[in-house]
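For the protein sequence lines, the chains are B, F and P, in the order given. Numbering follows numbering that gives the first Met the number 0, with no gaps: position 149 of the first sequence is 148. Numbering follows numbering that gives the first Met the number 0, with no gaps: position 258 of the second sequence is 257. Numbering follows numbering that gives the first Met the number 0, with no gaps: position 115 of the third sequence is 114.
It should be emphasised that the hints constitute simulated quantities derived from the structure, not laboratory data. A portion of the hints provided could be inaccurate.
Facing chain P, from chain B, some residues (calculated, C-beta under 8 Å) [stated by the list, open to error]:
#  : residue
1  : G80
2  : F87
3  : A91
4  : W95
5  : R96
6  : T97
7  : F132
8  : E133
9  : H136
10 : R138
11 : S141
Which chain P residues stay away from chain B? Per the calculated CB distances, all over 12 Å, these [said to hold, decoys possible]:
#  : residue
12 : A184
13 : I195
14 : P202
What you are looking at is a predicted structure, and each value in this text was computed from that prediction instead of being measured. Even for Gly, the Cβ is constructed at its ideal location relative to N, Cα and C.
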Amino acid sequence: MDGDQVGASIRIQGLSKVFTEGNRSVNALADFSLEVRNGEFICLLGPSGCGKTTVLRIVAGLESKSAGSVVVKGREVVSAGSNRGMVFQEFALFPWRTVRRNIEFGLDMSQVPLQKRQEISSKLIDLVGLRGFEDAHPRQLSGGMRQRVGIARALANDPAVLLMDEPFGSLDAQTRNLMQRELLRIWEATKKTILFVTHSVDEAVFLADRIVIMTARPGKVREIIDVGLPRPRDRTSREFISVRGKVLLELDEEFEKARAKEMAQRAPARAASAQ
Amino acid sequence: MISAGVAVIVVIAAIAAALIISNQGGKEAKSGTVYYVTLAPKDMKASLSSGQIDGYIAWEPYVSDSIVGGVGNILEWSDEIMPNHPCCVVAVSTDFVNGPDGSELTSRFIKAHLDATVWMNNALSHKNSADYTLLVNMAVNFTQRNEIVVKAAFEHITFGYQMNSDFRSALEDFTDMYIETNMTTNNSLTDRGYSGVSDFVTKYVNGTYLSAAGSVAASDTILNPSDPIRLGYLLGDLHQMAQVVAQNTSVTGTAKSLFEKYGLNVEDATGAPFANGGAVMNAFAAGAVDIGYLGAPPAILNHLNAGVGTLIVAQANSEGSGIVVAANSGIVNLDGLVNKTIATPGPSSIQFLLLKIALQREGYDLKIKT
Amino acid sequence: MNAWFNGLDKAFIKALRRNWFNLLLSGISFGAFLTIWWLVSAWFHGDWPFGFRDWVDTAEYIPYPWVVIQAFLDSFSHRDPFSELYMGDHIYASMKRITLGFALAFVAAVPLGLLMGRSRKSEAIANPEVELFRPIPPLAWVPIFTIALGFIWGPIVMVFMGIFFPLLFSVRLGAKSVDPLLIDAARTLGANKIQIFTKVVLPSTVPYLMTGVKVGLGIGWMCIVAAEMLGAVGGGVGWYIWGTAQVGRYDLMYAGMATIGLLSILTTGVAGLLEQRLFKWMGTK
């Protein structure tokens, strides 16, 4: 949908982020670099606390960076804006608005006239499969349906990239699988660039073109694995299991490193001899 | 010709007769309404000087307060409305008087009240005496008004303790007015066991203890050392000065107060001083007051309407209220009050009743300001 | 305006049908209350087998239910003994005060509450005065307001003082409790600061606001007796209660209290209706 077919949608170079609380500071990210091509589906994977959500929030403009550069579609990211849509794990739907009005929120912000607004929201409602529920309130919907609204809402502004922060983390296993397939369908229909944060190796291998495995804190890119499998992917196929194995190996090593570091922090004397 | 002339005379005579007869109601073809609002007397002076009200009726010292302060002029004293009208009374709880030593204690109390009243009247008629100075000081303390106001106020109050036939018939008139205006009902009378208004006043105004007070002698021992008489009275009400005098230790010439002289242990009731007579009656009903000073109207109304078990056993004062109008208002008689706003202490007060009586005589209504 | 009210009767009948059992329970509970009241009255009046006749002092303080009901009905067709007004006049006078007092409190509390909820600095500035005046019982203001503000505005400001603080605190809490995630979502959808305030903060605060309105109205009615004790031009239900209590006509006093109860239910009900309409409007606007 975007005219820019050549070059990267997202270019992150040397990104670092330090959180300070009082006199304690946490190095969340250090020298994180990544290039996401137009129309790619990228998964960010890594141990807890590795900073993957932080990367996403910095790209979204919800968090400031400490150093480095983040460029989306040729423009430096300074603050949040409608060219980067976001989908949240807890859905973050506006409880007082109906499904249709939630989806139209972004259009309200840019003051799109009524006719056009309803055209766009109707199309999106069909796209995510919520026809018949336009006038329902979020509290009347199941988890899966709520996230469909979240996705439709994020797409309403026709953003350059779609940022997804563990969007299926709150759903049960069956719904999760269903939503993964739905997401792929929507992605193929809209050809958006997607940056997807997840805990689940399985999910990443099922969805992504490339999987970015992050190191433990301070986070940076440990390995990028090209999944290289045609879609729709069969979770039971040999190839799938093999990629999954590769990813798991990298992750486990990183987990071990993270644990060792933690132990080292707790018993510096013993760590000295272990070095 | 002659018959026509006779006819004319007859017609004129008939018209004249009709006119005379129609005026027989005693009233002129006057009518009008005076409007009232309720205020606490302590706030009435301020309200008058700020122009919120055109006048007010209250008990002393709040009348003299405005006059001395130059804020208002007296329009009519309450004794002009109804000479010798009863005002505050001493009431006793029937539970108390029927309880152990109740009769004796009540008689002694009334003796102290009687002595105090006599002492006050004596002091007030000898303005150069030390007693007068003492009384004024006590009053200044009690009412929190200055000396000039207090002295002027005393001029218009008559302290007394007798309950003679004028007193009783005045109370009968009040009760009749209350029944007429539906403040109380005949049903309430019969519910309390009275056959009518006279029966009520005869039984409710009980002179036994006043008579017995005559033979009460001074006593060296306190009759109720561990069970004090719980006394109720109104805040700063100069009418009820007798109880202040009876508690003062400089009055008798010995170091004892009048209450102590007659062997009485008297204490302020919980909640005293009270804001109004209704509150005193509520305290009676709750069993918190044994003997109380309050206006006759609430003593009547609350007993009839709410069945509060009390008896009126002595008078405390008569008169001592007045209608005040703004200093530069130019109002010189009751006619000038029509369509004006007058503050009263509240519908259950004697002042309200007196104002109503005064206005009714002129053919005017008293209505709440709308 | 019509669009607001049509469909209200259908909604009412629907609500009735859905809740019939609970309504029945409420009805039974109220009936039980009346029965217990009757029993207690009978006991105080000594009409019960084991009655206490020497409690006659307090018998009239607990009149029989039907005495009160009769007095209540009569008050609409008979003038009261001391202000010579009908209960209808009293209700009108009190409703005027409550409405004006409420309107003033609303206009003052909502902006201030929003400001204090979203801006730490504003909160710090306003806090000392708010905390100073909050605990003062409205009754304490009566003489001052009546003299300083007059007979018309004194009672209205009294009602204002009662409603203002609960409303302020509800709105402030609501403004503070806006889900930060919703603000994040709004930002990623292109909202600027003003839009975040009007399209996220305000709607989030509405449920808290409505709670504050209902609580405030209840307190306003509680203040009405104190507010109408003095001055009270034109009478009022609070004045009625105060006056009848003064002369010991407790049957009339209870009728007055029942009137306030009914009026309170009425105004809270109206607030509830407005709340529902507001939510509908917010959802589809």
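Now the hints, each set against the structure:
1. G80: holds, 6 Å
2. F87: holds, 6 Å
3. A91: Since the shortest Cβ distance to chain P is 4 Å, the answer is holds.
4. W95: This interface hint holds because 5 Å falls under the 8 Å limit.
5. R96: holds, 6 Å
6. T97: Holds. Min distance 5 Å.
7. F132: violated, 13 Å
8. E133: It is violated, given that the least Cβ distance between E133(B) and chain P is near 10 Å, above 8 Å.
9. H136: holds, 6 Å
10. R138: violated, 11 Å
11. S141: Violated, about 19 Å.
12. A184: violated, 4 Å
13. I195: Contrary to the label, I195(P) does not stay out of reach of chain B, its closest Cβ about 10 Å off (not over 12 Å).
14. P202: The claim breaks: P202(P) does not keep its Cβ more than 12 Å from every Cβ of chain B (closest is about 5 Å).
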